[in-house]
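Undergrad: Spelled out from the first residue to the last, the chains are:
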Amino acid sequence: MWKNFPLFPERASAWAWQVDGLYFLLVAVSAFFTLLIFALIFFFAVKYRRSVHPHAVQIEGSLPLELTWTLIPLGISMVFFAWGSLIYFQQARPPKDAMEVYAVAKQWMWKFEYEGGQRDINELHLPVGRDVKMIMSSQDVIHSFYVPAFRIKADVLPGRFTTTWFRPTKTGTYHLFCAEYCGTEHSGMIGQVIVMEPAAYQAWMSGGSSTGTLASNGQQLFQQLGCSTCHRFDTQGRGPNLAGVFGKPVMLDDGRTVVADENYLRESILNPGAKVVSGFKPIMPTFQGQVSEENLMALVAYVKSLAQPQGKGTDGNEAAAPGASNTQ
Amino acid sequence: MATAVQTVERENYLNANYGIKSWLLTTDHKRIAMLYLISITAMFWIGGFFAMMIRLELLTPAGDLVSSDTYNKLFTMHGIVMVFFFLIPSVPAVLGNFLIPLMVGAKDLAFPRVNLLSWYLYMAGGITALTAMVTGGVDTGWTFYTPFSTTYSNTHVIGAAVGIFIAGFSSILTGLNFIITIHRMRAPGMTWRRLPLFCWSNYAAALIMVLGTPVIAITLLLVAFERAFHIGVFNPQLGGDPLLFQHLFWFYSHPAVYIMILPGMGVISEIVTCFSRKRVFGYEFVALASIAIAVLGFLVWAHHMFVAGISVYAALVFSLLSYLVAIPSAVKVFNWTATMYKGSIRYNTPMLYAFGFIGLFTVGGLTGVFLASLGIDVHVTDTYFVVAHFHYVMVGGMVMAYMAGLHFWWPKMTGRMYPEGWAKLSALLVFVGFNTTFFPQFILGYMGSPRRYHAYPPEFQVLNVLSTAGSSILAVGYVLPMIYFLWSLRYGEPAPPNPWNAVGLEWMTSSPPPTHNFDETPVVTWEAYDYENQPQEEVTIGH
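Residue numbers (the numbering used here), protein chains in the order written: chain A, 1 to 328; chain B, 329 to 871.
Take these hints with a grain of salt, some might be off.
Stated by the list, open to error - Computed from the model, here is a short list of chain A residues facing chain B with C-beta under 7 Å: (1) P9; (2) Y114; (3) P148; (4) T184; (5) S278; (6) P282.
Keep in mind that the hints were calculated from the coordinates and are not lab data.
Note that the coordinates shown come from a computational prediction; the quantities given were computed from them, not determined experimentally.
No residue lacks a Cβ here, since even glycine has one placed at the ideal position from N, Cα and C.
With the rest of the complex left out, here is chain A (with noise of 0.2 Å):
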């Protein structure tokens, strides 16, 4: 009868462990709580009713009773809290060697773009056992990325890159909804998270048409969109140098220092003179309203892929070198 009945969606991810021990324990300790209340009710009610006990016994209150019942519950209360704002903490901090996929959210569809160029839309596959980070952002209203099976949810803004990130543990179809209302189809705005083995997933990935990486497309925008006339690979240049750049932390003109992450990119691009690289003029121009979500994205691939060297071209002193070494 469960089988057709189910009380929990399927755990695919590694976090659908830890979110439903933590859940079970509360559903544990809620329903204890709740018929203690329940039962007291229902045993004062009936022991109590006036034919039997026509004249009540005046009682003031108890100072030890009301410290037991503020003190029990705010320990108990603190157990969960410390449980829950771990899994949180983990969930914050997606590990340095995750796959990256891009998500594009519009009304009413998701466009996903992986590192190597390839698209889907309303799909997103992914292989069994590997850390994916999502990096996202939405082109019009406020929508959320939520894969029950996963036990994950984030929100995705307009303006902003949010991530997220899970490790599916298990292959099958997995609903992607949209937990954000987003006007009229926020209920056809869903999809399917599509796990699959590692071959299965390469093969999947090599059938696919791409027209190059994200980052060699970012690459190739970086040119055409004339950053790469001020942002030189040497120390010439109008602008920043931009390699190895990212997660780094940037001294601001303003002696502020900030962390170099995907929002703090999109952010000068978007509007460069919110936080200008110290020793460098607020003379660059806004691509408000020039650049694209999926184009921004491919930017900053590019630019996050100047970051890692590997091996080769080291001395980044050569514009050609970095946008290459993508091949994860």
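Given the coordinates of chain A, work out where chain B should sit on it, guided by the hints.
TA: Frame of chain A, contents of chain B only:
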């Protein structure tokens, strides 16, 4: 029944004046409470109609009864009407308005004309919002998330926002009136420690109304401005920040949950003591728990945003504070339960509703702890788990308390008894119907069924059918009181001044009370809930 006949003949606030004008221009807090009762009941049925349409649509996985746009408007309007025009005013504006002056031994609220103005503002806001709905509807969800509401929605967002904006002033004025009345107009001897807990909890709610409502007002005004004049506040394409909206919105809308539940908690404190014939267990703790909820309630808003892209450390702080705000609510539940210990308990309808409240509020509160837990919230937020949770608090808690209070004070308000047998049946139907409707939604939510979905995957159908079946039982449970309350106005047994043999100043005047409430200003010489010295009369009414 000799006394009862005399009571009905006596001049009271209902027969003091006649004619529509005497009602629309009244400054009597009791008449204004009745105006509110009629208006919020109308709103309840409008919101309930939307709910029934939603449940009917969800009988089948395909979106076949109404179009997607219509469905989105239905859940939006259900939310707006129920939250802003039913739940927030319900207990304060009806029972609070009627009872607070009576309970503190005053002739009226501090500012009777402001009180009338607040009803007119409520009506103006309500009519504005309803007009927006009738002329095309709103489809943003009651949460108005940006930039959808400011840029992408093609519906009457500004009309709905302005309606809520206007009604907000009604809420502020009512809160102000309560605070000042409780501070300044208590009868001699009515010290803070003798104040009924209903007044304490309405006082706490009034603090939130006064401090929180301006924030939602200004936020919705900014939404309207961005929509009309493209001022970049929330839309990133205009240089705004969509998360700013969520912070501002929940800064009010989370405390608003406590505006809804705190007055309901006050009702339960009055009823549990009366039908147990005992002083409340731990008076100070119950009273201070209300204030603690009001204060902590302002510091937990971002727990609605754990997956919205806020910083990990912010999430940690808001999670911790969300656990803390659950503690005073738990303290109240334990104290109500302990109040029954060694009491002398009678099962009249208000008490049955109070039992229901304590049980359902416990479930609602504990599932709130699930949502405060970061790891679990990521999975269940924006699913039916959240829908079930807040309906357990708002409907299982708040509406149960409202029904409990309405039955408890109905004799005082109208001078008539309701039919006890039918009322008990309705309490039972509401309890069963409510659980059948909303318990399956916890499971649906953990299964991953997202909220606000017009169509859903077929594996979720069984639980949805169960939920819809439950909602029809719930509907019958609400229609019954509507009928027998109206019936009782004409055919109900005349009510004596104190049908429940309760303590509290409101029971020391006639039913219904005279316009000036008390013939002589009462002087309080006894403690709150002094059931020990209340003569134990034979039960004359009910069973």
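Undergrad: Please go over all the hints and tell whether each is borne out by the structure.
TA: We went through each hint and held it up to the structure:
Nearest Cβ of chain B to the Cβ of A:P9: about 5 Å, under the 7 Å cut. The hint holds. Look at A:Y114: its Cβ only gets to about 23 Å from chain B, farther than 7 Å, so that hint breaks. Here the hint on A:P148 is kept, as its CB sits about 3 Å from the closest CB of chain B, short of 7 Å. Residue-level restraint check for A:T184 holds (minimum Cβ-Cβ distance to chain B is 5 Å; threshold 7 Å).
Annotation: A:S278 was flagged as interfacial toward chain B, and the flag is violated, the nearest CB pair being 24 Å apart, outside 7 Å. The beta carbon of A:P282 comes no nearer than 17 Å to any beta carbon in chain B, farther than 7 Å, and the hint placing it at the interface is violated.
Of the numbered hints listed earlier, those contradicted by the structure are 2, 5 and 6.
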